[in-house]
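Letter by letter, the chains look like this.
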Amino acid sequence: MESPNQEHILSYTTLFGVLCILLALTAITIGVSRIDLGVLNIWAAILIAACKAGFVLLFFMHLRYETRLLQITFVVTIGSLAILIGFIFWDISFR
Amino acid sequence: MTDVPSYLKTPSSPNLKGIWVWLLTTDHKRIGVLYMISILFWFCIAVTLGLVIRTELMAEGETLMGSQTYNAVFTLHGVIMIFLFIIPGIPAIFGNFLLPIQIGSDDVFFPRLNLLSWYLYIFGGILAVVSLFSGGPPDTGWTFYVPFSVQTESGVTFTVLAAFILGMSSMLTGINFITTIHRLRMKTMGWMQMPLFTWSLYATAWVQLLATPILAITLLIIVAERIFGIGLFDPGRGGDPILYQHLFWMYSHPAVYIMVLPAMGVISEIMPVFSRKAIFGYKAIVYSTLAIAIAGSLVWAHHMFTSGMSDTAVFVFSLLTFVVAIPSAVKVFSWVSTMYKGSVLMTPPLFYALCFIYLFSVGGLTGLVLGAAGTNIHVHDTHFVVGHFHFVMFGGAGFAFFAALHFWWPKIFGRMYNFRKAYRAAILITIGFIVHYMPMLILGLQGMPRRYYNYLPQFEAGNFFAGIGGFIMVAGIMLMLVNLVQGLRKGEPAVGDPWGGTTLEWSVPSPPPLHNFLDTPRVKSYPYDFTDIMKQQAGSKKV
Numbered sequence: 050m051e052s053p054n055q056e057h058i059l060s061y062t063t064l065f066g067v068l069c070i071l072l073a074l075t076a077i078t079i080g081v082s083r084i085d086l087g088v089l090n091i092w093a094a095i096l097i098a099a100c101k102a103g104f105v106l107l108f109f110m111h112l113r114y115e116t117r118l119l120q121i122t123f124v125v126t127i128g129s130l131a132i133l134i135g136f137i138f139w140d141i142s143f144r
Numbered sequence: 017m018t019d020v021p022s023y024l025k026t027p028s029s030p031n032l033k034g035i036w037v038w039l040l041t042t043d044h045k046r047i048g049v050l051y052m053i054s055i056l057f058w059f060c061i062a063v064t065l066g067l068v069i070r071t072e073l074m075a076e077g078e079t080l081m082g083s084q085t086y087n088a089v090f091t092l093h094g095v096i097m098i099f100l101f102i103i104p105g106i107p108a109i110f111g112n113f114l115l116p117i118q119i120g121s122d123d124v125f126f127p128r129l130n131l132l133s134w135y136l137y138i139f140g141g142i143l144a145v146v147s148l149f150s151g152g153p154p155d156t157g158w159t160f161y162v163p164f165s166v167q168t169e170s171g172v173t174f175t176v177l178a179a180f181i182l183g184m185s186s187m188l189t190g191i192n193f194i195t196t197i198h199r200l201r202m203k204t205m206g207w208m209q210m211p212l213f214t215w216s217l218y219a220t221a222w223v224q225l226l227a228t229p230i231l232a233i234t235l236l237i238i239v240a241e242r243i244f245g246i247g248l249f250d251p252g253r254g255g256d257p258i259l260y261q262h263l264f265w266m267y268s269h270p271a272v273y274i275m276v277l278p279a280m281g282v283i284s285e286i287m288p289v290f291s292r293k294a295i296f297g298y299k300a301i302v303y304s305t306l307a308i309a310i311a312g313s314l315v316w317a318h319h320m321f322t323s324g325m326s327d328t329a330v331f332v333f334s335l336l337t338f339v340v341a342i343p344s345a346v347k348v349f350s351w352v353s354t355m356y357k358g359s360v361l362m363t364p365p366l367f368y369a370l371c372f373i374y375l376f377s378v379g380g381l382t383g384l385v386l387g388a389a390g391t392n393i394h395v396h397d398t399h400f401v402v403g404h405f406h407f408v409m410f411g412g413a414g415f416a417f418f419a420a421l422h423f424w425w426p427k428i429f430g431r432m433y434n435f436r437k438a439y440r441a442a443i444l445i446t447i448g449f450i451v452h453y454m455p456m457l458i459l460g461l462q463g464m465p466r467r468y469y470n471y472l473p474q475f476e477a478g479n480f481f482a483g484i485g486g487f488i489m490v491a492g493i494m495l496m497l498v499n500l501v502q503g504l505r506k507g508e509p510a511v512g513d514p515w516g517g518t519t520l521e522w523s524v525p526s527p528p529p530l531h532n533f534l535d536t537p538r539v540k541s542y543p544y545d546f547t548d549i550m551k552q553q554a555g556s557k558k559v
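Chains as they are written, first to last, in the numbering used here: chain A, 50 to 144; chain B, 17 to 559.
For the record, the hints were derived by calculation from the structure and aren't laboratory data. Note that CB positions come from ideal geometry on N, CA and C, so glycine has one too. Just to be clear, a hint being listed does not mean it is correct.
[What the hints assert, rightly or not] Restraint-style ranges between C-beta atoms, simulated for each label pair:
1. B:233 x A:119: 22 to 32 Å
2. B:245 x A:83: 20 to 30 Å
3. A:93 x B:247: 15 to 25 Å
4. A:130 x B:60: 35 to 45 Å
[Said to hold, decoys possible] If you want the footprint, here are the derived chain B segments under chain A, 3+ residues with CB under 8 Å:
5. 305 to 319
6. 328 to 335
Assemble the whole structure, with the sequences as input and the hints as a guide.
Put into structure tokens, the structure is as follows:
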């Protein structure tokens, strides 16, 4: 594992690859929105958006190359957000 | 040790002169004092507004003001008390001053960000004042519920922006505290050697960091709705008004724990010091603190049982609400057990702490009535809720704030205060509190709704008594503040450890020097080890 103080520079290939993945996921978001999956539509949209956010954070914001503590902090934060959003569905899904 | 100039006589930068010593300081202690002055200012304003509300309600019909003014006054009372007093109260004043010292550091990790937080706090306060003169005072209550907050022509936009700015200040303080505890804690201080006040600030900071952005976004959506009319909460355009309530309470219920967790941390410091005994169940209190922070973030919808949300959600959130009661009860049990077979020394801070335990317990138990979906339906939006909320927030966080003021005042300013006046004030506040809020619980059970400026004749006696209690309580608060301020001029100089405390802040002079520690502090293997204190006491008795 690299030292946290060491500057990490991503190659253009990696950055371009991530960009392509993000564009592909955007296309999938649009495609999925046109299919009627019922209550799963919203879950699909949230899942794809979460994946996109994950790629941005991991590569563009270099979280993948950070220390373990920061990574745990990130996972806890995302987990909390997921729980908070998920708990709204105790209401919306059962109305 | 006492020859070293205190932080009050040493600017954080030698270039600073006059008022700039304060306004541009990066010293965490001075910033804590800046917060103290500004927070106490807002507290006095909000108390005055509260007393105006209760005076209006003392007699049936319109007495002091009409309904529109009443709506504005209770909104301002709520907004100021919540966002400008209780939320920042203990963390911003005592957290800023004490957290670095308790972990053996000379400052917080981001000193400039710390000062920025204070300026944001001041800016948010000014914006709240501006809202009074831009379209009229807000009249929505501190909850800003839609659709009213979107439709009203009062100055809600500025009030909401003020709350947004104050939220940012709170978040920056939270980030600063988390980073400070992780990065600046002494290497010799393990997690289970941290003082419980620091632990409570750590848990609170996480809640601040995770929950505040939700409120910030929700408040911005209200502004967007008012300006652009997006329709996110408008059923006519596919929106959902209950979604607003979810988003609002997703922050605002954890905010209750932002208010009360540091208060619990204060009590956890005071109880062992004045019982001369290690705190009962140190680890249980630590885990309870974390459990309250986590579980408390998952119970927000118990504010919405009558909103029309699904029965499944009502069941789940009611169940989770009862779960939060467990760690809270663990703490109360631990505090009381700490006193058992202790060498109890009555002082003003302990007096306030004991009142806290009693009043907070009443608040907690009345909370169970509201947490149970069945009973909640009957007392929802009645004065019972007002009584319960004030028992928890004022009887809890407020009394802990007073306890903290009396406990750490000698440390912060290096002066003691008059104990007799402090006791008189505390007794007045406590009696006033009970006479003030107990009738509200009864009025609520009788069916008196909250937020009405008038009521049916059968509620007059209860409201009259509540008003009397309010005046007694405010007299006590005034006496308390006057006594503390008098202590600054007339009080005896305080020694480094006037109470016989064991945590690191008591190992430095009162008030502390600019960089806190003169030598490398010695971290005890257990932060509440009173062996040395008891030996010293025994030695002085023999002499």
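Consistency of the hints with the structure:
Our hint of 22 to 32 Å for residue 233 (chain B) and residue 119 (chain A) holds, since their Cβ atoms are close to 24 Å apart. Distance hint for residue 245 (chain B) and residue 83 (chain A): a CB-CB separation of about 27 Å, consistent with the stated range 20 to 30 Å. In this structure the supplied range 15 to 25 Å holds for residue 93 (chain A) paired with residue 247 (chain B), their Cβ-Cβ distance being about 24 Å. A hinted range of 35 to 45 Å holds for the C-beta pair residue 130 (chain A) and residue 60 (chain B), which are about 38 Å apart.
For the stretch 305 to 319 of chain B, the stated coverage by chain A holds: 3 residues have a C-beta nearer than 8 Å to a C-beta of that chain, and at least 3 were required. Coverage of the stretch 328 to 335 of chain B by chain A holds in this model, with 4 residues showing a Cβ closer than 8 Å to a Cβ of that chain against a need of three.
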